Amino acid sequence: MTAPAALADAALAEGLLAGLGGALPPRLGIAVSGGGDSMALLSLLHGLCKVAGTHLEVVTVDHGLRPEAAAEADLVARCAGDLGLHHETLQWRGWDGQGNLQNAARHARYALMADWAARRDLPCIALGHTADDQAETVLMRLARRAGVDGLAAMAPQSQRQGVTWLRPLLSARREALRDYLRRAGLEWVDDPSNDDPRYTRIQTRQTLAALAPLGLDVETLAEVASNMARARDALDQQADHAAGNILRMEAGAWVIRADAFFAEPEEIRRRLMIRALGQISGGAYPPRRGPVAALIAGLANGQGATLDGCQTLLRRGEIWVFREYNAVRNLHVPADHLWDGRWRAVPPTVFPMGAELRALGPEGLAYCPDWRSFGRPRAMLLSTPAVWQGGRLLAAPLAGLDEKWHVLLERDAGWPKTTPLSH
51 MTAPAALADA
61 ALAEGLLAGL
71 GGALPPRLGI
81 AVSGGGDSMA
91 LLSLLHGLCK
101 VAGTHLEVVT
111 VDHGLRPEAA
121 AEADLVARCA
131 GDLGLHHETL
141 QWRGWDGQGN
151 LQNAARHARY
161 ALMADWAARR
171 DLPCIALGHT
181 ADDQAETVLM
191 RLARRAGVDG
201 LAAMAPQSQR
211 QGVTWLRPLL
221 SARREALRDY
231 LRRAGLEWVD
241 DPSNDDPRYT
251 RIQTRQTLAA
261 LAPLGLDVET
271 LAEVASNMAR
281 ARDALDQQAD
291 HAAGNILRME
301 AGAWVIRADA
311 FFAEPEEIRR
321 RLMIRALGQI
331 SGGAYPPRRG
341 PVAALIAGLA
351 NGQGATLDGC
361 QTLLRRGEIW
371 VFREYNAVRN
381 LHVPADHLWD
391 GRWRAVPPTV
401 FPMGAELRAL
411 GPEGLAYCPD
421 WRSFGRPRAM
431 LLSTPAVWQG
441 GRLLAAPLAG
451 LDEKWHVLLE
461 RDAGWPKTTP
471 LSH
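Count along the sequence shown from 1, then add 50; that gives the number in this note's numbering.
These are calculated hints, taken from the structure and not from any lab test. Remember, predicted model here, so these are calculated numbers, not experimental data. Among the hints, erroneous ones may be present.
Straight-line distance between alpha carbons at most 20 angstroms, and here's what the computed SDA-like set of lysine to any residue pairs gives [unchecked claim]: (1) 454 x 356; (2) 100 x 117; (3) 100 x 75; (4) 100 x 127; (5) 100 x 128; (6) 454 x 408; (7) 100 x 171; (8) 454 x 402; (9) 100 x 159.
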């Protein structure tokens, strides 16, 4: 290997380690499709993991959408085996021909990999996104009139479905990774859909090449993403400060001082509302800017609304944000199970036979004569968890029925420190 080639390889490895925050976790998964980006990541990461003593495992998702996919998964399995790494191919056959194919495949891919990571005890999964992917994402989101969060594009690290997703190649160029593979004599495959102009990302890739002479190239747009990420972090910090002064959690609902909320800048109000909605609904993505703006405008005029499985209302100078009753009215689980992804019941002794957790609802509230003494809105209490045995209400702790029972928030009830991911 020539000295320039060795330096190029060393620079890629150093950039990869920097993209991981300078250190490797004890156990790590890596998603490898067989394409050039992820195959280069596999080779580079394997070398770093050997030095660091990190346990590395490989996963491939076969979406069943192309006849070549099985052979590509076999290539990855063979390469992983040559490196002495455990490999698993996950299959998705859920496409029903409706909606956006790439979006459906992406959501399925992340869900499958998150399940795999939990099963294999892997807290982190590394992905092969590059600076080129970052630039394309910025341009696509610019076309959708994205704000600061959208233009910040892909973060080096993000949390989703209980997994930390790592993108250590965001500073690397796609062609530099292929040059590395050629020097190392390693195989990769080119997905023919990467040249299919029917897909928005491919159209964006072609447009980006045409814009490069104007200075709108990969490096420029990747720097825009970095600038927007810093702006996002500053806005999130200001939102955190505001939240500490004007919000409180009560019985699973966020309660916001209305006068202080409306005194905040528009962008801070938006972030506060998005985080409150997301913490209660548990949604993977926040509602879009327009509906959130309409909700806040309505509250300024004293009008409540429903959005993202939540309900809001203005009451006695306070904004209440709580679970919408219709979102949980048909949700029921055994009393010893987690309800609505966040509530768990604690009985005075043992769980009665056949007991279930369900929403209190209007029928249950009728059996709670003291509910008004708590000062909580009726609409909010309807969606709170209650313990039922058939048609009999056993306990509704948040409405004052049977104080020997308790319901606890299992999902983090603290203020979320980052704004949920953009669409």
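Do the hints match the structure? See the list:
{"no.": "1", "hint": "454 x 356", "result": "violated, 33 angstroms"}
{"no.": "2", "hint": "100 x 117", "result": "violated, 34 angstroms"}
{"no.": "3", "hint": "100 x 75", "result": "holds, 12 angstroms"}
{"no.": "4", "hint": "100 x 127", "result": "holds, 19 angstroms"}
{"no.": "5", "hint": "100 x 128", "result": "holds, 19 angstroms"}
{"no.": "6", "hint": "454 x 408", "result": "holds, 18 angstroms"}
{"no.": "7", "hint": "100 x 171", "result": "holds, 19 angstroms"}
{"no.": "8", "hint": "454 x 402", "result": "holds, 14 angstroms"}
{"no.": "9", "hint": "100 x 159", "result": "violated, 27 angstroms"}
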